Structures are given as structure tokens and as C-alpha cells.
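Put the two chains together into one complex; each comes in its own frame, and the hints tell you how they fit.
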Amino acid sequence: MDDLLAEFTAETREMLEAIGGELVAWEANPTDRCRLDTIFRFVHTVKGNCGFFDFPRLERLSHAAESVLADLRSDRRQVDRALVDGVLAIIDRIGAIVAAIESEAPEPGDDDAKLIAALAESGEMTAQTSCDAMLPGHADIAPSLPAYVAADSGPALSTPRSIRLPVELMDRVMAGVSDMVLARNDLARRLKAEGRGGLVGEICGAPFARLSSIIDDVREATTRMRMQRLEHLFGSLPRMIRDLSADLGKQVMIDISGADVELDREMIEMVRDPLTHIIRNAIDHGIEKPSARLGHGKREIGLIEVAARQTGNRILITIADDGLGIDGEALTKKALAAGVVTEEEAASLSQAEQLDLIFEPGITTAEKVSEISGRGVGMDVVRTNIEKIGGTIALESTRGEGTRFMLELPLTLSIIPALTIMAGGQNFALPRSGIAEIVAASRDEERFTQAGDALLATIRGQRVACAHLADILGLSPGRAVGKCPLLIATLANGDRFALAVDRVLDHEELVVKPVAPAIMATGLYAGTTLLDDGSPVMMLDLAGLSRRAGLAGQHTRRNRQLASDAEDIGQSAYAGPARPILVFEALDGQRRAVRMDLVARIERSPASSVTRLQDGRCQIVIDGRVETLAGVASADLPQDTLVLLRLSDGAAAHLSYAVRRIIDSAALNGTLFPAGPDDEGVEGIALVDGLRTEILDAFALFAGEQARVPDPVQRPTCYLPDSDPWIMAVLMPLVEQAGYRVTHDPEVEANMAFLDERAHPPSGAGKVIRLRSEAALGSGSSAENEIYRYDRPALMAALGAAGAAA
Amino acid sequence: MSDLVLLVRIAGRLVAFDADDVHSVIDIDDVSPVPHAPPHVLGLSALRSRTVTVIDPAAAAGIIQNENCSPCGRAVAVERGPHLYALRVEEAEDVAARIGEPIPIAADIGAGWRRAARGMQETAQGPALLGDVQAFLHVENTHAD
Chain A
159 MDDLLAEFTA
169 ETREMLEAIG
179 GELVAWEANP
189 TDRCRLDTIF
199 RFVHTVKGNC
209 GFFDFPRLER
219 LSHAAESVLA
229 DLRSDRRQVD
239 RALVDGVLAI
249 IDRIGAIVAA
259 IESEAPEPGD
269 DDAKLIAALA
279 ESGEMTAQTS
289 CDAMLPGHAD
299 IAPSLPAYVA
309 ADSGPALSTP
319 RSIRLPVELM
329 DRVMAGVSDM
339 VLARNDLARR
349 LKAEGRGGLV
359 GEICGAPFAR
369 LSSIIDDVRE
379 ATTRMRMQRL
389 EHLFGSLPRM
399 IRDLSADLGK
409 QVMIDISGAD
419 VELDREMIEM
429 VRDPLTHIIR
439 NAIDHGIEKP
449 SARLGHGKRE
459 IGLIEVAARQ
469 TGNRILITIA
479 DDGLGIDGEA
489 LTKKALAAGV
499 VTEEEAASLS
509 QAEQLDLIFE
519 PGITTAEKVS
529 EISGRGVGMD
539 VVRTNIEKIG
549 GTIALESTRG
559 EGTRFMLELP
569 LTLSIIPALT
579 IMAGGQNFAL
589 PRSGIAEIVA
599 ASRDEERFTQ
609 AGDALLATIR
619 GQRVACAHLA
629 DILGLSPGRA
639 VGKCPLLIAT
649 LANGDRFALA
659 VDRVLDHEEL
669 VVKPVAPAIM
679 ATGLYAGTTL
689 LDDGSPVMML
699 DLAGLSRRAG
709 LAGQHTRRNR
719 QLASDAEDIG
729 QSAYAGPARP
739 ILVFEALDGQ
749 RRAVRMDLVA
759 RIERSPASSV
769 TRLQDGRCQI
779 VIDGRVETLA
789 GVASADLPQD
799 TLVLLRLSDG
809 AAAHLSYAVR
819 RIIDSAALNG
829 TLFPAGPDDE
839 GVEGIALVDG
849 LRTEILDAFA
859 LFAGEQARVP
869 DPVQRPTCYL
879 PDSDPWIMAV
889 LMPLVEQAGY
899 RVTHDPEVEA
909 NMAFLDERAH
919 PPSGAGKVIR
929 LRSEAALGSG
939 SSAENEIYRY
949 DRPALMAALG
959 AAGAAA
Chain B
1344 MSDLVLLVRI
1354 AGRLVAFDAD
1364 DVHSVIDIDD
1374 VSPVPHAPPH
1384 VLGLSALRSR
1394 TVTVIDPAAA
1404 AGIIQNENCS
1414 PCGRAVAVER
1424 GPHLYALRVE
1434 EAEDVAARIG
1444 EPIPIAADIG
1454 AGWRRAARGM
1464 QETAQGPALL
1474 GDVQAFLHVE
1484 NTHAD
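The listed protein sequences derive, respectively, from chains A and B. Okay, so the first sequence: first residue is 159 according to my numbering, each after it adds one. Okay, so the second sequence: first residue is 1344 according to my numbering, each after it adds one.
Bound conformation, chain B alone (with noise of 0.2 angstroms):
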């Protein structure tokens, strides 16, 4: 675990990702729709001369189901065995350093949050939820490698 967690912004919410988690901050601007793939997945686009699978993590994880997600902009690319996925994100803020431990969180966050959240982190910009990269990607665990 890391001390720096990558502050982003899925569904209007703010989500923390371990910074461990994260191969880099890309922007994503030519998408390949794959016709039949599940509707989390956005399409493929390059990174490099590397194939990354471009993710919708809100749909992903089951917050919400966004129609009108737009492949393109600003992505979080995340490593997976031999796969690169890229996370489609509103917005991507800042690296922040954690302050203390994650805590559970005293309320009721929803059945999408509840997956995808492993509790609060406290950072030096503010409280985020602590987010689960395998429940945004919508893959099993027993897959990861």
C-alpha cells in the first residue's frame, strides 16, 4: 500500500485509488466500440503500441449506467495480468498523500458504492471514498492474474 493515493472523480463522486494501483494518467482520444462487449466496456484504444480496453467504471462496478459515457478524455490506466484497462473518469485532480487508515463509513453509500469502496480515506485534500480497482473494472478476483 502506498502513502500517495490518486485522487479522481467517478459518478460526481470523489474516489481514491492507491497509487500502486495506477500504471499512469492518459487522456483517450480514438476509441475502437467492440459491437457485443458487455456495455462497461467502452471500446479499445491504444497506449503506445499497447491495446488498452477502455472501461466505464461508474457501469462497471453498477453505480449507475450512463448512455451518453463518453469513451474519450480523461482515463486512469490500470495493469491486469497482461491486460491494460483504462478507467474513463470525469475528472483526475491531484496525488495526495494519505492521513491515517482507511475508516468504515458511517452511512449508507448504496449497493454500487458498497463494491466498489473499501471505506474513507482521509487526504490532505479532503476526505474520499477509497475505491476498489477490481470492483471498477467489474472483473473476478480469482482472474487479477
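Next comes chain A alone, as it looks inside the complex (with noise of 0.2 angstroms):
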């Protein structure tokens, strides 16, 4: 909270500063639109940011500043000289409330009421008022001047506990540690080319191990000085629509997805008001009260959702609420009055087009002015604030079932996760949100098939186009396309297709810059990056590329289709779909398998980083964090490096696998045979290509226990819908081996159905459980239909009560 007040008057201040010049100049001249309008958006801000942290002075001064510089705007009132001066002087009261704030210091004078009085008064009195004879009205703000002058020279001594820095410092800071680190692995070729035994070697050794550390230090915190998670903008948000529902007598939750995507800071701050805007406009405007939402056969409590992801170089920020929706007609006929479109224009609007109305300036489709919001200068600022920083926003709407707006940033200067790899001789780096998987060459014949021009790759039995990425870019193959590994590309759309290069070199996490306009106009690319060693590479475009090349559009839609549907009659004896799976050996030499779902990637790891505990259990440290290891249970740790599977359940549990070697990736079709007595973490036996292969037991991994097989005596059955990753992955198998056959369809009847702590029971269902991610028991729900979703005594003793009912 100190660091949002902070930012909060800091702000304010800034804006303080730079308006200064503004109100000279609209004092000057009270007929400018222009510097109205800034002087407008200033208050307004200051009333939209002071709601939120709940200063009841600062509210009513910058609402009644608000009020009347609205009028004015609207022509309902003339500008005359004791207005503009009680504005100022209300403006210069803020100042000193905000300085006041900031120095922790008492608030000075508590007049208000006068400074606000003096704006109605002057209005009382029409245009015909001379302005020599509001002079009086004058006299009677300017005691509140030296109050303020007291409270500026006083606290400016105070040590401010952050400072704010021009963005041009921090990128020349940046440019400049960034030649640091290219000069420093410049020295460390030189040096290793001198040899381990020479003079040089000896007496700079040591000392250039410590400045190669420090500059790394260093340069980690440029870099983390630049980029935040957008936490940061999301934390304050909970707590924002909690005040705001309450003081409009409605219930709204908030559900936030995507706080980990990470957004330049300045980009943060200018995402910041334009967020804050749409959430105050939803819940004033869009999401209904309780009753009304009862009467519309909603549920009490609104939603509304934020939430925000990385797609290619752009981030993507969805808020949605399930409110009214907007009325696209009703925003027309405010325009039409507004003169923001004409009769004729009006008439042939599409809906869609009538909702964009809403970014126009003077349009607001509340009915009421508010405290809130609804004054209409709202969407107009949030569109231009958007734009500025190279973004677009755009609406969806429908009557009765909500809004949702979604802002679209460039990521310039954002961090990109990339595959560096090799092609015709040239090193290039993919968006690794863009790559589902990485297929290694193999001796395959089979895998290809040559359709007319295009060539055809098939994948655990799909069918997906194929290219080789230095055919593309018309360069010459290092090697054939059989003999490359394969990047799975997906697109936006779903399309997917096969690159092939030459070589994979290395996952990066990337600055990627803008690359000139004559070489953005290929399409090709995305942006530009400058590797370890300082030698430019370009970011391919994943879309671009399957343009030039015709690699995805209807044709691969068509042949997945027909690979699907060959697959399906291949298996028709088995019920669902293929489930891929990592074939792996193990430390002790079995060969076993664990449920692709579960994989996070494939990592290699020192030895040495591994600690065995008393109990004969094994914990690794890796990514700064201490995590168990499992798979090394009766066998003896290698003496170099690991290989690891990272497991993630898709929510907050993660451990690594150890395996000597990974052999393939595979379809688990068909049933799994029961594992033996003996085989502890063993979920079943599966055929892979023939062999005996185990599949791994998710929730026993996870859980950190043992697992037990019971004896399946009847086959109740279980639902569980299969929207859900962790239940789908994790809990599956353990309802499966507690004997009950798993439904995913909410009609078909069921002895029990396990849920999430939100989700719809099924019609079907006998018992509910609902699974809590939280240990401890929430406030308010019971515990009798709850459980926590690794309380395996209480899952099992669940499963047991409700099999035996049946």
C-alpha cells in the first residue's frame, strides 16, 4: 500500500508540475478549449486515484473542481474570473494536501468548504457579472495561498524513498552494461585463447572471475530495473473493486489470470489508468445489482475477469465483466445528439461499429453522473492513453451477458522467451510461445510423405505440413528435411505445421527490438536481437513464415481432420482420445513413462546440485529454488550431469524427474495393464512399440506418497470435468485406481463428481466434492464437501464412503 501512495502523489505531483504551465496560460485565456480540457482530465484523474485510497478531502475538491469545468465544457456555464480563480485555487489545495501526504506532515487548513462554496457562488452569479466586481470573491480564496507555500518549503527535506528517473537514462544505463557484458566475453575468448597455463591466465584469473560475477549482477538488475510482472498493476486490483462494489451496493469477484507475464515498467504505468478506468466503468455501469441479476437469472456476485497473456510480441489484456452489456443503440442516439456522427451516418452502423462509439469524446452511456464515473470524458482519455504507446483496444458486446475489452501492447523492450537455431549456415531465434514441441531426427522413413508441392510430416499419427526453414528464406539446407529435428509450430489459429532446421542451439530469454521498416515490410520477421557474443539475429515471425511458405490454411485444417479421423477408426476399441506421453530410462535402467501434461520441459543439471537427505529422499537446487527429486529412490546418482524432467502439476506444485536418458515422445493408446504389488509410483503398465513401458503415477509423485492399489471390488462411477488440467492429469489416475470408471459428461449418472472450488455440479452427480488449493479451510465453506486437493487420507476416504454407497 506505501508503495501505491507513493506512486499516488508522486504522480500527482508530476502532474502538478507539468500542468502549471497550463493554468497559467488557461488564466490567461479562459476560452481555451484546449488547456480546459487538460486541466479537466487533471481533476479527473486526481478524483479517479483519490477515490481508490480513500481521501475524503481530496475527493470533494476535485469533484467540485469537476463539476464545474465540466459545466463549462458542456456550455451550461461561462467562464468568468472568480471561477477560474477558485479552480486554481482548489487545484493549489490539492498540491498542498498531496505534499502534506507525501511528508506525512498534518493536512494543512480545513476550509474546503469555503474554497468549494466560492466555485457555486460564482456561478450563482451569471455571465453579465463584470469580472472587476468578483474581485471581492478573490480576497476571499487567497488566505488558503500561504498555507500551501508553508506546507511545500516545510517537508521538501524530507528524503523521498524512491526517486523517478528519465527513461533515457535507464536505456543509456542498459546500452552501456550490455556493451560492458560483449567486452567482457570479448576478454574471456582472448583469454581462453591465451591458454589456462599462461602468464596472462595466472595473474588475471581470479580477478576476472570476480568482475565477469559482478557484471552479471549487475546486469541482472538493469534488466529486472526495467521489467515488472504485471502483479504489480493487478495486486492493487482486488481491493479496488471490493471498495468500489461496496459503495455501489453490488457483489463483484474478480478472477485474475496471467500476473506473471512481465511488461516494461513504463508500459505498466501508462496500462495503469486506462485498466483502472474500464474496471470502474464495469462495475458502475455494467455489472447490475444483486436483485437485478437474480431477476436476469444470473448468479448474486458479478464477474469480473482479468487477464492477460504473451502471444508473439504482442500482450494481450482481457477484462471482462458479465454484467448489462453495452446498448448499441442508445450509445448511437447519445452521438447523434453529441454531433459526433450524422443522421445518415448513424443509420448505417454496424453493431460493432456502434459499440466503437463509445471511444468518442463526450459519450458515456451512463444515464447518471456518479462519483464513479460516468461524465464521459472516460473511454475517449483510455483509447488515446492506449495509442500513444503503440496498442489498440477493442469491444465485444452483448446485450445481457456482458463486455469485455481487450487491449493489445507491443513488447517492444519486453523479454521474449526464444529458440535459437541454426538454418542455412545462419543463426535465427523463434518465440518459444510459439513451439509446442521439438521433434529430434530420427531414421523414420515413414515420417514423411511427399503431396504434390508440399511435403507432409506425421507426427504420433498427425499429418502436419512441412518445411525446411532455410528453403523459406531461400538459403541452402545444412542438411535434408529427414535428417533435421522438427519444430511443432502453433499459431493464433490453431494451425500447426513442421519446421525443420538445422540445428536447435540454445533457449534464450531475448530483448527484442524493432527491426527497420524495409526489412519489417518482408513480414518475415518480428524484431531483432543481439545475442551473448554481440552478432545480431533476427526473431522470426511464425505467421509470416507459414504465409510465405502456404504452410497452414485450410488444407493442414483438412488433413488433421483426416489424420483425426484415421486415428479414431484405428482405435475404435478404445474409448478415448491418445494421450501423449515422455518414454524415458530410468536411473535403475526401467524403462517408464510419464503423462506429457506433467512436463514442463527437459533440463540438464550439475551433479553437485543434488542434496540426499536422512530418510534416503533427494532434493536438487535449481532456479534459486529447493525442489524434491524424485527417481532416484534405489539408485546411484550419476557423477557429472543429470538429465531432468521438470514436472508441474499446472498449478502451484513442481518437482524434477531424474532419467538417464529420454527416448521419445508416444501415444498411450489403449488400456493399461495393472502395475504389480511391488511397483510403488507405478500407475500401470503400458505397450510402447512392444515394450513393457511404466507409466508414472502422477498423483503419488505430487502427493509425495506412496501409492496404494486397491482392490477394484465394483466400478462405481466418478465425474470430473475435463476442462480442468490438475484433475485431468493429476487426480484421474487416482480415481481410476481406486476402481471407478471416470465420466467427463456431466449428464451421464454418476456415484460422485469432483469439482474445483467454483465450477457447476452436474446434473448427475450423487456426492460433490469440491477440491480446495488451499491447505487451510476458507472462511465460510464447510468441510464436509471439501477437501484439499493432496489430502490423499481424505480423497481416498471420499472415494471409499461413495463406492460403498453405490
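Derived by calculation from the structure, the hints in this document are not laboratory data. On a predicted model such as this, the values are computed, not experimentally measured, just so you know. For every residue, glycine included, the Cβ atom is placed at its ideal position computed from N, Cα and C. Any given hint could be a false lead.
Unchecked claim - SDA-like mimics (lysine to any residue), calculated; alpha carbons at most 20 angstroms apart, straight line:
#: 1; chain 1: A; residue 1: Lys671; chain 2: B; residue 2: Gly1424
#: 2; chain 1: A; residue 1: Lys447; chain 2: A; residue 2: Ile459
#: 3; chain 1: A; residue 1: Lys671; chain 2: B; residue 2: Gly1355
#: 4; chain 1: A; residue 1: Lys641; chain 2: A; residue 2: Met580
Stated by the list, open to error - Here are some of the chain B residues that sit facing chain A, going by a computed Cβ distance under 7 angstroms:
#: 5; residue: Pro1378
#: 6; residue: His1379
#: 7; residue: Ala1380
#: 8; residue: Pro1381
#: 9; residue: Ala1389
#: 10; residue: Thr1394
#: 11; residue: Thr1396
#: 12; residue: Ile1407
#: 13; residue: Gln1408
#: 14; residue: Arg1457
Rendered as C-alpha cells:
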């Protein structure tokens, strides 16, 4: 909260400084519309911000000034000297109060009412009153000024807790640090060439290592200086929504996702106000009162969903509410009244165009002006601010169902996780988010089919279009497609294609910068970046590549359909879809597999990072965290390097599983044979390529316990929603082991159902158990039908009870 | 407009650039080609920690299309908006003082040079065509910033 407050005061102070000149210019020429708008936005912003912090004095002052200025803007009132003085006095007072808040000094003077009254008085006297006659009013206000001066000079000595820096300076520091890293790398290469036994190496080795690690620290710090996770922005939303909804007598719940997406700090600052504004509007105009919601057949509690994700080189933030929706017709009428559109234009507007009118200046959907919003200044300011940073804003709305705003922001200067590869003798980078999987070169000749001019690759039963990256780029491929690793790319529209490359080099976090327009025009590139050795590398745009090579589109989609049809026929005996698994050789030499859904990534780690505890379990230090290391129970650890499967349950739990080597990925289709009583931690045995393969028991792994195989006496049914990855990957095997038949169809009659905390119960279920992600029981929920998702005894007891009842 | 001009040689001719337009004179020694880029884009290089787009100015202005223009060698770095470009020149001779205003050229210098030259500039080193950086970059004026 302190941080937010400091930001608020700093921002207000900055705005006051910036607005100083505007105020003087406005005083000189009160009819200047442009200046009036600027000042209006200032008080509007202050009002919005202080409402959130609960500063009633600031709110009253800014509301009064805003009302008067709004009247001026809509020509409901004439400007006069006293009014100008009154507004200036209020802005001075706002400055004094903010300065007092900043220095934690007592707030100055408490004659706010007088200031506000001065505005109203001047309004009662009409425009005929001459400016001179208003001078007494001026004198009334004047005494407030010394208070401001005093407050300003006193606390100026206190030290600020944070400082604001111009972005140019930070850019310079960052460029300097990057140069330092390049020079360091160059030096490192030279020292290496000199040889370890050389004199220079002996003298400089240790200091160089020290310098090197210092540079790494500084570099990391400077990178962090600019980047911020969106949670800094999202963190303040729940409180804001709580306060606003309480004020308005509504019940609103917020659902935030993607808070870990990183964005340029400056960008976050620019998004803060628009986001706040949209959410205010959603609560004020979108979400209905609880009684009205019940009347519409909705849940009493409104839901606002804020989600962020990275797609290619853009960040997408969506803000959705399940409220009233926006009335396009009403909006058009208002726009017509305000003169934004003509009669003919209004008649020809499509529904989307009607909704877009909300971004025109001076238009509001609110019937009444409230403290919260509804002066019709919001959305045009929002759009201006978003476009200023090169972003776009769009909305969708369905009457009665809700509204969804989509902000798309450029990722310039954001750090993109990338894959560096080599093709045709050149290095390139690809955004990792677009690569679903990397398939190693295989000797399998049947993987490729030539269909006309197109090459198709068969990846686990699916046929996808395939091309060598070097061919697309007009370079000569280093190797034939059949001998290359394949990258399976997934586009935003769901199209998939395979890209053959000569070599996959590395995973890197790259700072991608825009590239010259002449190169951008090729449509193949998303930007450029410098690798650690200082060489420039182009970041490829996957959608552009697929367009250039004709890899995606109708034909791929049709092929995919054909392939999956063929698969369905081939596997008609098997009810469910094929599930991908990763086959590997465990440290004890066993051939095992794990469900692909659980594998976050595959990594190598030095054996020295592993510690064996007294009870025989192992832990590993990885990514600055201590994680459980599984797969080492009865085996000796390798001496040098470990191959690790980083497993994640899709929620909070992570662990590493040590393996000897990765064999391949495969599809698990067909029934599992039950594991033997001694096969602890094994869900079942599958035949993969005709070989016995043990499938790891995900539940046992994550619960940190040993699995027990119960005797399946009967086959009761359990409903599990197939939308939740945790339930599908972790819980389902356990339920099946407990002897249940699993259904994903809510209509089917089931003995019991497992759901997450919020989902609607299926119609056919007997006993419904909700799964908490927190171990502690939340307030207001009963222990009876809620179980912590890793509370194995409770889960087993529930399964046992429902099974016995059946 | 600066009193000084940088004299360079492009396609065998002496060209003067306003010193204010020039970021620096650099030597390019390592260029990564950019597949499918327009022919006047020779590739990307790095200047300190910035990416530089290396341009063949003669091709960009449509003077001659030299297939064998080597991307490596002497270049004039210029900044346009957020982007840094390097114009590959045959020589960067010297910085010279302007003598008088640029004057119209009293002869037909060819279509390419008409686009790229803003007149004849008399300098302490003799006369040179006053080069238009925009034309040599092959960027539209509207895009400049």
C-alpha cells in the first residue's frame, strides 16, 4: 500500500508540475478549450485516484472542480474570473494536501467548504457580472495560499523513499551494461585463447572471474529495473473492486490470471489508468445490482475477469464482465445528440461500429453522473493513452451477457523467451510460445509424405505440412529435411506446421527490439536481438513464415481432420483420445513414461546440485529453489550431469524427476495393465512400441506418498470435468486406481463428482466433492464437502464412502 | 544545417553529407544477411549494443545495382527515428567546410542522382554533390520519425 501511495503522490506532484504552465495559460485565456480539457483531465484523474485511497477531502475538492469544469466544457456555464480563481485555488489546495500526505505532515487548512462554496457562488452570479466585480471573491480565497507555501517549503527536506528516473537515462545505463557484457565476453575469449597455463591467465584469472560475476549481477539488476511483472498492476485491483462494489451496493468477484507476464515498467505505468478506468466502468455500469442479477437468471455475484497473456510479440490484456452489456442503439442516439455522427452515418452503423462510439469524446452510457464514473471522459482518454504506446483497444459486448475489452500492447523492450536455431548457415530466433514441441531427427523413413508440391510430416499420427526453414528463407539447407530436428509450431488460429532446422542451439531470454521498416515489410520478422557474443539475430514471425511458405490454411486443417479420423477408426476399441506420453530410461535402467501434460521442460543440471537427505529422499537446487528430486530412490546418482524432467501439476507444485536418457515421445492408446504390488509409484504398465513401459503415477509423485493399489471390487462412476488440467493429469489416475469408471459427461449418472471450487455441479452426480487449492479451510465453507486437493486420506475416504454406498 | 560536410565516395562519385545528419563513421566487419530483405539492405551488424541495418546507398537511391557490393568496410552511420543505419561507402574522405550555399547543377546527372542529390556544394576540398540521406536510405519522408 505504501508503494501505491508513494506512486500516487509522486504522480500527482508530477502532474501538478506539468500542469503549472497550462493553468497560467488558461488564466490568461479562459476560453481556450484545449487547456480546459487538460485541466479537466487532471482533476478527473485526481478524483479517480483518491477515491481509491480514501482521501475524502481530495475527493470532494476534485469533484467540485470537475463538476464546474464539466459545466464549462458543455457550455452550461460561462467562464469568469472568479471561477478561474476558484479552480486555481482548489488545485493549489490539492497540491498542498498531496505534499502533506507525502511528508506525513498534518494536512493544511480545513476551509475546503469555503473553496467549494466559492465555485458555487460564482456560478449563481451569471455571466453579466463583470470580472472586476468578482474581485472580492478572489480575496476570500487568497488566504489559503500561504498554507500551501508553508506546507511546500517545510517537508521538502525529507528524503524520498524512491526516485523517478527519465527512461532515457535508464536506456543509457542498459546500453552501457550490454556493452560491458560484450567486452567481457570478448576478453573471456582472448583469455581462453591464451591458455590456462599462460602468464596472463594466471595473473588475471581470479580478478577476471570476479569482474565477470559482478557484471552478471549488474546486468540482471538493470534488466529488472525496466521489467515488472503485471502483478504490480493487478495487485491493487481486488481492493479497488471491493471498495467500489461496496460503495455501489453490488457484489463483484474478480478473477485474475497472467499476473506473471512481464512488461516494460513504463508500459505498465501507461496501462494502469486505462485499466482502472475500464474496471470502474464495468462495476458502475456493467454489473447489475444483486436483485437485478437474480432477476436476469444470473448469479448474485458479478464476475470481472482480468487476464494477460503474451502472444508472439504482443501482450493481450482482456477485461471481461458478466453484466448488462452495452446498448449500441442508445450509444448511437447519444452520439447523434452530441453531433459525433450524422443521421445518415448513424443509420448505417454496424453493431461493432455502434459499440466503437464509446471511444468518441464526450459520450457516455451512464444515465446519471456519479462519483465513480459517467462523465463521458473516460473511454476517449483510455483510447488515447493506449494508442500513445502503440497499442490497440477493442471491445465486444452482448446485451444482457456482458462486455469484454481487449487491450493489445506491443512487447517492444519486453523480454521474450526464445529458441535459437541454425538454418542455412545462419542463426535465427523463434518465440518459444509458438513452438509446441521439438521432435528429434529420426531414422523413420515413413515420417514424410510428398503430396504434390507439399511435404507432409506425420507426428504421432497427425499429418502436418512441413518445410525446411532454409528453403523458406531462400538459403541452402545444411541437411535434408529427414535428418533435421523438427519444430512443431502452433499459430494463434490453431494451425500447426512443422519447421525443419539444421540445429537447435539454445533456449534464451532475449530482449527484442524493432527492426528497420524495410525489413519489417518482408513480414517474416518480428524484431531483432543481440546474442551474448554481440552478433545480431533476427527474430522470426511464425505466422509470416507459414504465409510465405503456404504452410497453413485450409489444407492443413483438412489434413489434420483426416488424420484424426484415421486415428479414430484405428482405435475404435479405445474410448478416449490418445494421450501423449514421454518415454525415458530411468536411473535404475527401467523403461518408464510420464504423461506429457505434466512435463514443463527437460533440463540438464550438474550432479553437485543434488543433496541426499537422511531419509533417503533427494532434493535439488534449481532456478534458485529447492525442489524434490524423484526417480533416484534405489539408484546411484550419476557423477557429472543429470537429465531432469521438470514436472508441474499445472498449479503450484513442481518437482524434478531424474532420468538416464530420454527415449521418445509416444501416444498412450489402449488399456493400461495393472502394475504389480511391488511397483511403487507406477500407475500401470503400457506397451509402447511393443516394449513394457511403466507409466508414472502422477498423483503419488505430487502427493509425496507411495501409491497403494486397492482391489477393484465394483466399478462405481465418478464425474470429473475435462477442462481442468490438474484433475485430468493428477487426480484422474488416482480415481481410476480407486476402482472408479471416469466420465466427463455431466449428464451421465455418477456416484460422485470432483469439482474445483467454483464450477457448477453436474446434474447426474450423487455426492459432490469440491477441491481446494489451499490446505487451510476458507471462511464460510464447510469441511464436509470440501477437500484439500493433496489430502490423500480424505480423498481416499471420500472415494471409499461413495463407492460403498453405490 | 551545419557548416561542415562529410565527404564520401558513393558509386565512384564524391558526395557531401551535412555533418548534422551523420551519427559517426564506422568500419563494418561482420554482417548477418537478412533473407528476403529488399536488395539495398545488405544485412544487420552491431554497433556497440545497438543493431545497425547496413544499406547499399547506390542501390537504395536507384543509381546502380551492384550485385557485388561487399557489406563489410567503411560506412556512415545515420540515425532515423529509433533505427540506426549504416551507409556502405567506398571511401569516407574527410570533413570539409562548406563554401557558400549549394547551387543547382547545370547538367543532367541521371535519374538516380537527381533523387539523391540536393545540388552541388562547393567545399574546401572541391565541389561535391550534396547528398540527401533520406534518398540513400530509401525511406519515405513521412516515415522519418
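Against the structure, the hints:
| no. | hint | result |
| --- | --- | --- |
| 1 | A:Lys671 / B:Gly1424 | holds, 13 angstroms |
| 2 | A:Lys447 / A:Ile459 | holds, 9 angstroms |
| 3 | A:Lys671 / B:Gly1355 | violated, 35 angstroms |
| 4 | A:Lys641 / A:Met580 | holds, 14 angstroms |
| 5 | Pro1378 | holds, 4 angstroms |
| 6 | His1379 | holds, 5 angstroms |
| 7 | Ala1380 | holds, 5 angstroms |
| 8 | Pro1381 | holds, 5 angstroms |
| 9 | Ala1389 | holds, 5 angstroms |
| 10 | Thr1394 | holds, 5 angstroms |
| 11 | Thr1396 | holds, 4 angstroms |
| 12 | Ile1407 | violated, 19 angstroms |
| 13 | Gln1408 | violated, 16 angstroms |
| 14 | Arg1457 | violated, 22 angstroms |
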